[in-house]
Every structure is written in C-alpha cells, then in structure tokens.
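Asker: Chains as they are written, first to last, in our numbering: chain A, 221 to 325; chain B, 221 to 325; chain C, 221 to 325; chain D, 221 to 325.
Think of the hints as simulated: they come from the structure by calculation, not from any bench.
Using 27 Å as the maximum straight-line C-alpha spacing, the simulated DSSO-like pairs for lysine-lysine come out as follows:
#1 C/K318 to A/K251
#2 D/K251 to C/K251
#3 A/K285 to D/K318
#4 C/K251 to A/K325
#5 D/K262 to C/K318
Protein chains: 4
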Amino acid sequence: MEDYELPEDSGKKPVQPRTSDEKEQVLNRLKRIEGQVRGIQKMIEEDRYCVDVLVQISAINAALKKVGFSLMERHTNHCVADAIQKGEGEEAINELMKVMQQFSK
Amino acid sequence: MEDYELPEDSGKKPVQPRTSDEKEQVLNRLKRIEGQVRGIQKMIEEDRYCVDVLVQISAINAALKKVGFSLMERHTNHCVADAIQKGEGEEAINELMKVMQQFSK
Amino acid sequence: MEDYELPEDSGKKPVQPRTSDEKEQVLNRLKRIEGQVRGIQKMIEEDRYCVDVLVQISAINAALKKVGFSLMERHTNHCVADAIQKGEGEEAINELMKVMQQFSK
Amino acid sequence: MEDYELPEDSGKKPVQPRTSDEKEQVLNRLKRIEGQVRGIQKMIEEDRYCVDVLVQISAINAALKKVGFSLMERHTNHCVADAIQKGEGEEAINELMKVMQQFSK
Numbered sequence: 221m222e223d224y225e226l227p228e229d230s231g232k233k234p235v236q237p238r239t240s241d242e243k244e245q246v247l248n249r250l251k252r253i254e255g256q257v258r259g260i261q262k263m264i265e266e267d268r269y270c271v272d273v274l275v276q277i278s279a280i281n282a283a284l285k286k287v288g289f290s291l292m293e294r295h296t297n298h299c300v301a302d303a304i305q306k307g308e309g310e311e312a313i314n315e316l317m318k319v320m321q322q323f324s325k
Numbered sequence: 221m222e223d224y225e226l227p228e229d230s231g232k233k234p235v236q237p238r239t240s241d242e243k244e245q246v247l248n249r250l251k252r253i254e255g256q257v258r259g260i261q262k263m264i265e266e267d268r269y270c271v272d273v274l275v276q277i278s279a280i281n282a283a284l285k286k287v288g289f290s291l292m293e294r295h296t297n298h299c300v301a302d303a304i305q306k307g308e309g310e311e312a313i314n315e316l317m318k319v320m321q322q323f324s325k
Numbered sequence: 221m222e223d224y225e226l227p228e229d230s231g232k233k234p235v236q237p238r239t240s241d242e243k244e245q246v247l248n249r250l251k252r253i254e255g256q257v258r259g260i261q262k263m264i265e266e267d268r269y270c271v272d273v274l275v276q277i278s279a280i281n282a283a284l285k286k287v288g289f290s291l292m293e294r295h296t297n298h299c300v301a302d303a304i305q306k307g308e309g310e311e312a313i314n315e316l317m318k319v320m321q322q323f324s325k
Numbered sequence: 221m222e223d224y225e226l227p228e229d230s231g232k233k234p235v236q237p238r239t240s241d242e243k244e245q246v247l248n249r250l251k252r253i254e255g256q257v258r259g260i261q262k263m264i265e266e267d268r269y270c271v272d273v274l275v276q277i278s279a280i281n282a283a284l285k286k287v288g289f290s291l292m293e294r295h296t297n298h299c300v301a302d303a304i305q306k307g308e309g310e311e312a313i314n315e316l317m318k319v320m321q322q323f324s325k
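Here chain A stands alone, though its shape is the one from the complex (with noise of 0.2 Å):
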C-alpha cells in the first residue's frame, strides 16, 4: 500500500460535525469505491479489454460524483447557509462555486 500524504489541513472545520451515522454512510460508499480501484489493479494484471477497464474506470467517476455531490450538498445545509445567516455568505458562496466548477470539470 502506498502512503499517501493528506493535503495540509486547512483547520477549518465543518459548522455542524458530522454525526457517526453521516460518517458511517460515507465511509462505507468510499469503501467501495476503494474497491473497484483494487478491481480494476486486478483486470490489468489480468490482462483484460481495455474497454471492460474503461466501464469500470466510468463507473468509478460516477460513483465519486455522488458522494461528492452529496458532500456537496451537506455542506450547503450548514456551512454555506450558517455563514448567511450570519452575513458572511459572499465568501462561502464563492467557495462553493469554485469547487463546483472544478466538479464539473
């Protein structure tokens, strides 16, 4: 297993932590996620169809999506919409655009 480095962590903090059900649930889609990468590891030592492979590497993207977009969604609820409730919405909102777009990419 390779060890990879983690960003620097920012220090920021979601407004509402997330409950031990939210992270469970997460935890569990990235999980299999993790899966599907070792899954495609095994079809190219066995040597499948580059096609075969490609479905899956699709698949993987579109799963990430999801949690992404759920993420994406939580965030909305209480990060973005505490910081306008306190009138420092133009910030997060700009934030939250910015890692859309990259999204969408």
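Chain A is already provided as a structure; the job is to place chains B, C and D on it using the hints.
Answerer: For chains B, C and D alone, coordinates are given in the frame of chain A:
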C-alpha cells in the same frame, strides 16, 4: 477491505498483450489513486472541512480520467487500428465512441 | 431562423430583478455564443476539417458553462441566500444541487 | 447579430467530403441550437427564473455534445481509419485523443 466483485469477464483481450512495463505504469497510478481514496476516508473520520474533501475528490476524478485516456489511447492504437486494418473497423469504432461518451459525463 | 419554443414559464422570478447592466453583460456573452454557433454552421457548409469544428464546439461548451456558472453564482447569492434567511433554504438548496448535477454532466 | 470571426482555416479537409444529406442533418441540429441560444437571451430579457435558464443551458450543452460526438464518429470512421490504413495512424490518433479530452471537460 471490501470484496469487490469484478464484472463478468467478456473474454475479449487486448490485441497486443500489455507489456510488464505498461502494466507496472498503470498499476502505479492506480495504487496512488487507491491511496488517495483511503486518504479521503481518513479526512472523513477526522471530520475535515467539506470543501477540502471535495477538492481531493476532484483530484481523484482527474487522475482517473488521465488513466482512462491513456488506456483509451493504447486501445485505439492497437485494438481499433487492428480492426480497421482487417476491414472490421465499424464495430470497434462504435464501441470506442460509446465508451468515450460515458467518459465525458 | 428556426422558431424555438421557450419552455413553459414556471412563473418564478429572481428574488432581486436583474439590473439592466447585468442583463446586458449576459446578453453580450450569449450573442457571442450565438455567433459562434453560426460560425460552426459555416464551417460545415464549407466542409471544414472535422477536428477544427470539434475544437470550436468545445469552445462554445466552455463559454456556455461560464455563463451558466455566473448565473448560478448570482442565483445562490440572491435567491438561495434569501430563502435560507427566511428559513426556507431546504427546497432552494435541493433545487440548486439538482441543477448543478445536470451541469456537471 | 455579432460578426464572429472563424478560426483560421487549417486547410485540412475531411478525407471524404460530407454529402449534402450529412451537411443538412448537422446544419438542422445547429440551427436548432442557435434557436435555443436565442431562446435563453429572451429568457434573460424577460427576467425569467435563474434555474429555468440554467436548465436550458444544460440542454444546449447536451445538444452540442451530441453533435460533437456524431462528428467525431464520422471523423474516426473516415479520416482516422484512412490514416491508419495508410500506416499514418499515429498522428491522427493523437489528434483524436486530444480533442476527446477537450470534449470531456
């Protein structure tokens, strides 16, 4: 670790088997991606800031697309080109277009 | 020119009407995009090289996304923020997420 | 109407000229898209609801991608296949991959 079931083997193979160098290159990238997916799991466990997680997910998506495009290029250079030279290009090109459209979502 | 039927009017309006400056800015971009679409028609008529046409189509898509994101930003700053402040954020955020997902395809 | 300057003519041509039927089909789709772009302009003038405009923009993007993919398919079937048969596939495939990546953004 989750046991992820691979899709049924279509039985097709790359016209030209991947060399061990080629395999290693792709596998290294995929291992790195696997590490990144584990990295996000850790970020969720540590309740890291939503936008920081989203930025990471975008990075993984970009990395997966890059692997996908390099596989697609190899596929076109070998399998599709081979089919065209045998006068059986139509099916191969149809298949390529379909997978490309899935990819561009 | 083809008569294109607008989708039925939902009757909803932006919380804060667009100023004439804002309208003009968006309209200028859209007129430019309209010109680009006519440009591709000319390229097809002149039997220009496929890849050159494709590059142009990508450029139009990028320009449309840019307009879309600027509208989305304004929408979030006004309509969504307003709904949140009135305690009716949930529906507005759901709607925003849906349109964002459509956009990222 | 804005005068939109076409990109400089690369001088390349489709290996097999588009038939007038093919031209007409593509042109009809592009005229419809042009009409849709004018439709959004009207929506902006009438200060229609932001999300309704965004849904329309997504629809245009989808329509443009569809035209793009059909051009790409024809290009692969003719120009790329022709280059491959002449043993000059590499450059054509590189070009195809590049434009595909631009498309998937």
